[in-house]
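S.K.: From first to last, the protein sequence lines stand for chains A and W.
Counting from 88, one number per residue, gives the positions in the first sequence under our numbering.
Counting from 622, one number per residue, gives the positions in the second sequence under our numbering.
Hints were generated in silico from the structure; no laboratory data involved.
Where is the CB? At the ideal position from N, CA and C, for every residue including glycine.
All clues stand as given, with none of them false.
Here are the computed distance ranges between Cβ atoms for each label pair: (1) W:D693 - A:E323: 36 to 42 Å; (2) W:P734 - A:E212: 24 to 30 Å; (3) A:I244 - W:Y729: 17 to 23 Å; (4) W:K701 - A:M249: 39 to 45 Å; (5) A:G313 - W:V678: 44 to 50 Å; (6) W:R671 - A:M249: 39 to 45 Å; (7) A:R411 - W:R671: 52 to 58 Å; (8) A:I319 - W:R737: 16 to 22 Å; (9) A:T161 - W:V678: 32 to 38 Å; (10) W:N635 - A:E297: 52 to 58 Å; (11) W:T736 - A:H152: 31 to 37 Å; (12) W:D665 - A:G199: 48 to 54 Å; (13) A:P360 - W:D693: 43 to 49 Å; (14) A:E308 - W:E667: 39 to 45 Å.
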Amino acid sequence: MSSQIKRGVSLYSFQNETFQGKMNLEDCIRTCAQFGARGIEVIGEQSFWGWPEVGANQADIDHWHALIKKYDCTPVSHDYMLDYKRYKGRPMPFEEQVASVRRDIDFGAALGTPFIRSLVSIAPEVLVAAAPYAEEKGIKMLTEVHAPLHFDHPWIIRMAEMFQKSGSPALGFLPDMGMFLKHYPRVWSAKFRRMGVPDRIADYIEKAYEDRVLSEYVILEVQQMGGTGPAIGMAEVIRHNSAFEPKRMLDYMDMIHNIHGKFYEMTEDYVEPSIPYDEIVAVLQKGGYDGYICSEYEGNRWIEDAEEPDSVEQVRRQQVMLARLLGEPEAPALKAAA
Amino acid sequence: MMDNKMIIEGSLENVDGGFAFQGRLPYYRGLGLSMVEDIEVSVDGEPVAREAIRFSVRGKTYTLDEMETVYDNRWNFGEKATIIVLKDGGLQPGSYRIGFGTRLRISYLPMVPTTRDSKELALAA
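With these hints in hand, go ahead and build the complete structure from the sequences.
M.R.: See the structure below:
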């Protein structure tokens, strides 16, 4: 039986190519459509120059809608930032933060996305205050639950309680699958080794991660092994990344409306070596999830010092993996694009 | 991220009052100019004084101090900004090791990251 879960892509995945002007918005959307990934997620200010301080051109918004129609895709999410540190030395006042979120609600509505993504550091009070406006515009604001935070962290628990207490259907979550980091990513380890981390220390850190040793102990051990600079850095990333359990999403299924299919590397045989997508998809199916999983390739920054990332091929491989896990009949376009 | 793509190859040139090259923001999105805390430039390892640096996008030029209160302009994703260094007579023709760094105040990060690139750029006679 085919799954209710749908495949999409966050155009964040193609940042290496779009940054350099090697792919434009049409290239990105056409590529996603070729992979059968019809849900399109954007970081508004990555894909639309000028947003938010200057504003986006109406012509660019019209172009977006024309492309979505041309390639038979669906807008999923506008990921906004809310720069509450815009003013040096003082935080942005509360009311101004709420007003800023309202503008991003408007922008999401202009792009036709049912969701806008809120960064996890945005105070729940701001989101609750903006919720009535989001409801009016038919937009859900989804807080991205992202490592080092997770569904058992007190910040997320407090947020969930506030969202529930508000009773607003416009408040929910968007989990990033990077929080289920089962193994130390090979591309991270390789980069730290290129930066000069000795093999004996890098091997120790990878083993300690497998053994789920507390990050503070790993950092101390690396110091005592004589590690400095990048060796400490390689250990410190364990502070911000952990193998939390995908099943922790089950308590919040009714608040989860989009998924970031974070990945660092897809092998030729369609495996993400560090994130357990088989477990993840099983949990989402068990929870009755029927939204999108949007590919979010983040390996680029870990390999760009050694090789030019091929984001399109990486996304293709993840889409093949997802199509298989979702029980879709083998999509010919996915093979043809190889 | 994008560290090695910050400086645009072949962009070094003399301009009125100094020299300039093109640079990109090392980030997966753009940023409002008030959040660019600092821009560093060095030439063959010699740091340039902050006061001698100008930042220019789409025809608007700012000192780094001015940028700190610019709330209506951005350094867009992948956008090539012109980084100007005030120096009488500019640079003599030749090859220079140009260093370029940015310190950015990112709302969600628990630190203020500095990212640097360095490239050998030639200035034609």
